Amino acid sequence: MSASESVGNNTQKKLIKIDISSDTVCPWCFVGKKNLDKAIAASKDHYDFEIRWHPFQLNPSAPKEGINKKEYYRN
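Sequential numbering of the sequence shown, starting at 1283, is according to the numbering used here.
Rather than coming from a laboratory, the hints here were simulated on the basis of the structure. Wrong hints could be hidden among the right ones.
Said to hold, decoys possible - Restraint-style ranges between C-beta atoms, simulated for each label pair:
1) 1324 to 1356: 24 to 30 Å
2) 1343 to 1304: 32 to 38 Å
3) 1322 to 1342: 25 to 31 Å
4) 1308 to 1329: 22 to 28 Å
5) 1356 to 1298: 41 to 47 Å
Unchecked claim - Derived pair list, reagent style DSSO-like, types lysine-lysine, alpha-carbon separation capped at 27 Å:
6) 1299 to 1316
7) 1326 to 1346
8) 1315 to 1326
9) 1315 to 1296
None of these values were measured; they are calculated from a predicted model. Cβ atoms here follow ideal geometry from the backbone N, Cα and C, with glycine treated the same way.
Please construct the entire structure, taking both the sequences and the accompanying hints into account.
Below, the structure is given as structure tokens:
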């Protein structure tokens, strides 16, 4: 059996592993997640996905009550 025959007869989906570092308050992380969701939906017939989420804080010293954006960007 040739390599092309074995690949052609293989019905098992390939696994794609994705590690994501994301900050829940980051708007670009949200946009990226939505784009990833669309890509996975478009590819799920051909691939299986294993997603591992890792927390990341863009500004770990930010107070829980938040920061005035104008003042923050001014500094």
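Supplied distance hint 41 to 47 Å, evaluated on CB atoms of residue 1356 and residue 1298 = Since the Cβ atoms of residue 1356 and residue 1298 sit about 43 Å apart, the hinted range of 41 to 47 Å holds.
Taking the beta carbons of residue 1324 and residue 1356, is their distance inside 24 to 30 Å?
-> About 42 Å separates the Cβ atoms of residue 1324 and residue 1356, which means 24 to 30 Å is violated.
Pair hint residue 1315 and residue 1326, alpha-carbon separation not exceeding 27 Å = Satisfied, since the Cα-Cα distance of roughly 16 Å is no more than 27 Å.
Evaluate the given range 22 to 28 Å for the C-beta pair formed by residue 1308 and residue 1329.
-> At 26 Å between Cβs, range holds.
Residue 1322 paired with residue 1342, Cβ distance criterion 25 to 31 Å = holds (29 Å)
Agreement of residue 1299 and residue 1316 with the hint, judged by alpha carbon distance not exceeding 27 Å | holds (17 Å)
Quickly compare the C-alpha distance for residue 1326 and residue 1346 to 27 Å and report which way the hint goes.
-> violated (38 Å)
Assess, step by step, whether the Cα of residue 1315 is no farther than 27 Å from the Cα of residue 1296, and give holds or violated.
-> Satisfied, since the Cα-Cα distance of roughly 21 Å is no more than 27 Å.
For the range 32 to 38 Å, tell me whether the beta carbons of residue 1343 and residue 1304 fit it or not.
-> Roughly 19 Å apart at Cβ, these two residues miss the hinted range, so it is violated.
The earlier numbered hints that this structure contradicts are 1, 2 and 7.
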